[in-house]
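Protein sequences, first through last, are from chains A, B and C. Sequence positions in the first sequence follow our numbering and run 1 to 136. Sequence positions in the second sequence follow our numbering and run 1 to 353. Sequence positions in the third sequence follow our numbering and run 1 to 384.
It should be emphasised that the hints constitute simulated quantities derived from the structure, not laboratory data. Every residue gets a Cβ at the ideal spot worked out from N, C-alpha and C, and that includes glycine. Mixed in with the good hints there might be a few duds.
[What the hints assert, rightly or not] Estimated spans, in silico, between C-beta atoms of each pair:
#1 C:E57 / A:L122: 19 to 29 Å
#2 B:M200 / A:I36: 52 to 62 Å
#3 B:G291 / A:R71: 51 to 61 Å
#4 B:G171 / A:D45: 33 to 43 Å
#5 A:L122 / B:G291: 42 to 52 Å
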Amino acid sequence: MNKLSPSRIWRYKSSRYRIEASKCNKCGALHYPPRIVCDKCGSRDLSKITLNEEGRVITYTLIYSVPEGFRDQAPLPLAIVELKSGTRILAPITDINPEELKIGLPVEPILRRLTDDENGGLIKYGFKFRPLIKQG
Amino acid sequence: MKFNNVGISGWGVYIPKYRISLDEIAKAWGYPSTYPQGLNVVEKAVAGVDEDTITMGFEAARNALRRAGVDPNFIGAVYVGTESKPYAVKPSATVIAEALGITPKKLTADLEFACRAASEALGISIGLVSSGMVKYALVIGSDTAQASPGDVLEFTAASGSAAYVIGRDDGNAAAYFEGFYSYVTDTPDFWRKENAPYPMHGESFTGEPAYFHHIVSAVKGLLEELGLRPSDFDYFVPHQPNGKFPLKVARILGFPKEKVLPGLIVTRIGNTYSASALIGLAAVLEKAKPGSRILVAPYGSGAGADAMSIVVKDSILDKVGKAPTVKDYISRKTYIDYGLYVKFYNKLRRFKF
Amino acid sequence: MRKVYVVGVGLTKIGRHFDKGLRELFAEAALKAIDDTKGVNVEALVVGNMSSSSLCEQDNLGALLADYAGLTGKPAFKVEAACGSGGTAVFTGYSLVASGLFNVVMVGGVEKLTEYPTRTVTSALAQASDAEYELYFGASFTGLNALIMRYYMEKYGVTRSEISEWPVLMHENASRNPYAQLPFKITKERVDKSQIIADPIRLYDASPIGDGAAAIILASEEVARKITDTPVEIAGLGMATDKLYLASRDKLDTFKATVEAAKVAYNMANISPKDVDVAEVHDAFSILGLINLEDLGFVEEKGKTAKLLCEGRFRPGDKPAVNPSGGLKARGHPVGATGVYQVAEVAMQLRGDFPGTKVPEAKVGLAQSIGGVGSTIVVTILKR
Numbered sequence: 001m002n003k004l005s006p007s008r009i010w011r012y013k014s015s016r017y018r019i020e021a022s023k024c025n026k027c028g029a030l031h032y033p034p035r036i037v038c039d040k041c042g043s044r045d046l047s048k049i050t051l052n053e054e055g056r057v058i059t060y061t062l063i064y065s066v067p068e069g070f071r072d073q074a075p076l077p078l079a080i081v082e083l084k085s086g087t088r089i090l091a092p093i094t095d096i097n098p099e100e101l102k103i104g105l106p107v108e109p110i111l112r113r114l115t116d117d118e119n120g121g122l123i124k125y126g127f128k129f130r131p132l133i134k135q136g
Numbered sequence: 001m002k003f004n005n006v007g008i009s010g011w012g013v014y015i016p017k018y019r020i021s022l023d024e025i026a027k028a029w030g031y032p033s034t035y036p037q038g039l040n041v042v043e044k045a046v047a048g049v050d051e052d053t054i055t056m057g058f059e060a061a062r063n064a065l066r067r068a069g070v071d072p073n074f075i076g077a078v079y080v081g082t083e084s085k086p087y088a089v090k091p092s093a094t095v096i097a098e099a100l101g102i103t104p105k106k107l108t109a110d111l112e113f114a115c116r117a118a119s120e121a122l123g124i125s126i127g128l129v130s131s132g133m134v135k136y137a138l139v140i141g142s143d144t145a146q147a148s149p150g151d152v153l154e155f156t157a158a159s160g161s162a163a164y165v166i167g168r169d170d171g172n173a174a175a176y177f178e179g180f181y182s183y184v185t186d187t188p189d190f191w192r193k194e195n196a197p198y199p200m201h202g203e204s205f206t207g208e209p210a211y212f213h214h215i216v217s218a219v220k221g222l223l224e225e226l227g228l229r230p231s232d233f234d235y236f237v238p239h240q241p242n243g244k245f246p247l248k249v250a251r252i253l254g255f256p257k258e259k260v261l262p263g264l265i266v267t268r269i270g271n272t273y274s275a276s277a278l279i280g281l282a283a284v285l286e287k288a289k290p291g292s293r294i295l296v297a298p299y300g301s302g303a304g305a306d307a308m309s310i311v312v313k314d315s316i317l318d319k320v321g322k323a324p325t326v327k328d329y330i331s332r333k334t335y336i337d338y339g340l341y342v343k344f345y346n347k348l349r350r351f352k353f
Numbered sequence: 001m002r003k004v005y006v007v008g009v010g011l012t013k014i015g016r017h018f019d020k021g022l023r024e025l026f027a028e029a030a031l032k033a034i035d036d037t038k039g040v041n042v043e044a045l046v047v048g049n050m051s052s053s054s055l056c057e058q059d060n061l062g063a064l065l066a067d068y069a070g071l072t073g074k075p076a077f078k079v080e081a082a083c084g085s086g087g088t089a090v091f092t093g094y095s096l097v098a099s100g101l102f103n104v105v106m107v108g109g110v111e112k113l114t115e116y117p118t119r120t121v122t123s124a125l126a127q128a129s130d131a132e133y134e135l136y137f138g139a140s141f142t143g144l145n146a147l148i149m150r151y152y153m154e155k156y157g158v159t160r161s162e163i164s165e166w167p168v169l170m171h172e173n174a175s176r177n178p179y180a181q182l183p184f185k186i187t188k189e190r191v192d193k194s195q196i197i198a199d200p201i202r203l204y205d206a207s208p209i210g211d212g213a214a215a216i217i218l219a220s221e222e223v224a225r226k227i228t229d230t231p232v233e234i235a236g237l238g239m240a241t242d243k244l245y246l247a248s249r250d251k252l253d254t255f256k257a258t259v260e261a262a263k264v265a266y267n268m269a270n271i272s273p274k275d276v277d278v279a280e281v282h283d284a285f286s287i288l289g290l291i292n293l294e295d296l297g298f299v300e301e302k303g304k305t306a307k308l309l310c311e312g313r314f315r316p317g318d319k320p321a322v323n324p325s326g327g328l329k330a331r332g333h334p335v336g337a338t339g340v341y342q343v344a345e346v347a348m349q350l351r352g353d354f355p356g357t358k359v360p361e362a363k364v365g366l367a368q369s370i371g372g373v374g375s376t377i378v379v380t381i382l383k384r
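Extracted from the complex, chain A is given alone in its bound form (with noise of 0.2 Å):
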């Protein structure tokens, strides 16, 4: 099923590695997934802008029936992510305990690999968030 061809990888790479977005130029919304048109004004005048920010799980689910490539990763932690900038996005959560998931936990960006790759495949490399690391 998860048949991938390298322009696929390499067409995406900034929104999936850098969390690149779009802006409007007309009134300002942040898109992401980055955009063509404006949802909001319908304005085709957009700029690019990366979103590399803190924010929080608004909700989360735990996936055990995982589809294909994603057996290792099971049970895999989803989550929908607001981040500080109010743009929301939806992203696996990583190096974290399944109890330790909750609503409203703080998360970072970070880049992981976000699946199992064949023997000869690319590698598909994206954002994931994880819990802060403590510092001090």
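Chains B and C: place on chain A using the hints.
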């Protein structure tokens, strides 16, 4: 080697959160329970299922950039030193650079020289910055070290990453390089052929003719060049394949134990290969007072060692807290058993259909 | 636009039909529908299906199925809107007759899901979501619905046990339905303790994987009056879409597309929610059943549906009676066919000859078909 005015603008590390105790490994393979003590290592860091050299290198680099506080677009070179490349052919450095948003106008490559690769990259970067060819260089040492199940190497082969932003020794530099000396020979102590899944090693041959000979030679060479003695240094951070070799080479060279312990991180995270001495250096930078002089001596099988003298400056104090420290990453841990360890390192012969 | 009537229906039992492929399943339903009309001349075929391409390696489905159903040569094509393909096919068939282009159109739906391991089917069904930004990151379709379930439970203080009332009612209704995949009663405890698929969604919250086909025949008023005594009018029809990427929706506890589609349908049929006697809503998961009743206007206060259900509402005898067929949960959900099953079932309720749980004297019925996580929604209103 001669160069001008080069320093460390920022540093960062990354250590995965999973740990497996050496006792657990000894139990799995029927080693005597006293075996781990002989290595002076308690537990080692294990990369999670979604981690590899590239993902760990990215985080260490991001931390280094935070501390450096420089515009990433001025980074003119990105080097990744590793012996566990996710792709045998396709550079890790380009993925990391892309994820940091700093492509395309860069010198970029992955380097291999066993555990010394990133250190070689430091030497190259010093040259690039000194000559003015680049403004800043980003050097990353990152490894998810692998060992054949049941082999003694499995006790220490660990995962981790360190990154350094090298730039001019200016007001922003946290420390400057006083000297850099490399000593390299063709010595086959530890190797992995093209299609072999795990490395081979020469057991005791990895000691005197390899690790000790090269580190001692490199350090002596540096001391002579700079006209310094061990007592001129506050810290000694050699490569750490286990918790015994660093203390022994320190004794041979005349560095007291107290100068080695602050940077001896192998006891808690294992041998992180290309990141080993560099994580040790970061641990020292995070505690050293301005004015301290540090001797760092990475070693890579095959074989070679570098010796570099680094002097800490005032501006280091503000930088420490800008990103998680070695101590922060070491305290972040979750223990796993041998079963999960095998799953994480993909040692099961799985048939993908 | 002319009026359009449902003049015949044909359904197969839903289940794991290892002995029947797409063409056999579809022909069975299509021929039953033709026989139900005592042999009307079908002029065109629209078929709803989601996975013929991803799982059965079959495109060009319209022509293939027309041929196997004895409609060789007729205009025929497939419409796809993920799990809402059926409702979308009804919407399309309606427009072909209403416009005057055809007088008699067959609207079919068929799905073949049981040939492959669950992980393969899971991946195929996840294609209803955003391939590059949801599926790519590991989101399964159930996982996305689980995000909604947890959000709703947290926001409205609804418990696991309260939600379990939904599948219990679905199974109760399906126990009399000869077409249902799971025609047996269950208890709340069984639901509460069933296997977790994507926390908090459990096995008994989710519609089963099954094969099935349904066909209805739509005709103009003139033809309808000639061939049946019980024509059922499609009095209202509405369709709306929404952004696929769930996280970018304004609200996570409602489907804007349901509200929009229903508004158009109610307007066109000149009715309001309280006029509906029977409703077949799209409960791919228990949580959707609850949200649908709120979005369709059957429950005024958001978050209250589970409690109302526990108090005994929406059973046969109530207005509306909800999912007397057993719904997606217990009647089954052969994905692309479901929307057609629903319209057929409502039509049969209004005709008085539905072979399962009956809603006597039903005059106004509603069917709601959802594609993706509320991204394509069709609401159909039928009147006797």
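- Any hints this thing doesn't respect? Which numbers, in order? none
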